[in-house]
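In order, the protein sequence lines correspond to chains A and B. Under the numbering used here, the residue at position 217 of the first sequence is numbered 338, and the numbers go up by one with no gaps. Under the numbering used here, the residue at position 174 of the second sequence is numbered 295, and the numbers go up by one with no gaps.
Simulated from the structure, these hints should not be mistaken for lab results. Be a bit skeptical, because a hint or two may be false.
The list makes no distinction among identical chains, and a pair is therefore deemed to hold if it is satisfied within one copy or across any two copies.
Derived lysine-lysine pairs resembling DSS-like cross-links, with alpha carbons at most 25 Å apart [what the hints assert, rightly or not]:
#	residue 1	residue 2
1	Lys-179	Lys-287
2	Lys-220	Lys-124
3	Lys-124	Lys-287
4	Lys-239	Lys-220
5	Lys-179	Lys-159
There are 2 protein chains.
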Amino acid sequence: MSKTEIRALTFDVFGTVVDWRNSIAREVTTSPPLKELKIDGFKFADAWRALYQPSMEKVRQGDIGWVNLDALHRINLNHLIDEFNLETLQERDLVHLNKVWHRLDPWPDSVAGMHRLKTNFILASLSNGNVSLILNMARRAGIPWDMILGAEIAGHYKPEPEAYRKSVELLGLAPSQAMMVAAHNGDLVAASDVGLRTAFIRRPKEYGPKQTMDIEPEHSFDFVADDLLDLAEQLDC
Amino acid sequence: MSKTEIRALTFDVFGTVVDWRNSIAREVTTSPPLKELKIDGFKFADAWRALYQPSMEKVRQGDIGWVNLDALHRINLNHLIDEFNLETLQERDLVHLNKVWHRLDPWPDSVAGMHRLKTNFILASLSNGNVSLILNMARRAGIPWDMILGAEIAGHYKPEPEAYRKSVELLGLAPSQAMMVAAHNGDLVAASDVGLRTAFIRRPKEYGPKQTMDIEPEHSFDFVADDLLDLAEQLDC
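Isolated chain A (complex conformation) (with noise of 0.2 Å):
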């Protein structure tokens, strides 16, 4: 593969740009009302984020029609107030930390490594987050996107063909001048199925010190990569 067929990249964002871990354990833990509930910061991030495939499957499934992540968010969110003993928060409170997912911090090495590689391709999301939610985040952490992608664009959430697809076609790209940065062995994939090119990023604790998936490339990627420094540096940027 030449690298220079390439014209763009396309992200992963939660947990390949940014640390959702991290930046949801410390908010939830440091920022009133909700540090005076004393709840567990990491417990809370994860058993949030456990419910985001089994809900984004039931848009993929059909059993509910689109929605976008910041409306599946909240309704994992509403799940979770038993559990956590959210009932004393205000509904303006919920509403702010079901957002908490727009005030997400990029990974040190993520901001630094996108601009270096902005200097030779376009830097486009392929989340399935939504566009204000990757948006908001990126004017936050200053992340240089050319444009924002993703599951709300195409209607489809990844791993869906579709999302990939539609992706790369609103870049006027073929699939092989796009390549997908991930840090998630799925995601590569089902983005090299389309035809697109894949470079696997480590993230080996992104879900914390016990992370037992996506710890080391399962497949042949094209490029493998401890960071986005690491990326920039291999794709001579």
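Given chain A, put chain B in place with the hints provided.
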């Protein structure tokens, strides 16, 4: 109207942010192989642009299914081959010429004005140009979009209300939290009908020295500015 309620500025692009007429005239008169044909650059630019609204109208009326602006530009270019003696051009030259719309230059104030506006507002394109056109233009010219929206994302060409409504929805905003920025009265009236705020930018030479339309605002818009630096000033950026 409170300035502080506005969260996003949605921009018309052709004529408002970039100077299509001078850009196209310059390219066809200075770049090989077109310059050998000694075309009247302004006459060519005007003739191509004159086919723009009629071609979109066929999509709006449902006479033809959805096609993006690159495709409409190419259909329209084919109609100019006889008039401008383009028969000697090869297919690859026509493909390159059709993408001159991806290579338009901004007005002198645009990039500096938008950098100032970006400090306080989300900046989104809301153009009839397709995503890759606006994206390639932005990377070449340094236009700092937060997000590319508009006709291709909405599946409707302006001034259809769905183009504005879908864009605001994707930003996660109420219409009154977004302001349409455009040099064209009709665009702003259509945006206002959907509930957006409006800012008229004076571009009295967009269509050349003999321009007669859109010289001045013809309705009561929220802001009227001489250029994007003036708009930044008025919005305290």
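**Message:** Name the hints, by number, that the structure is in violation of.
**Reply:** Of the numbered hints given earlier, the structure breaks just one, which is hint 5.
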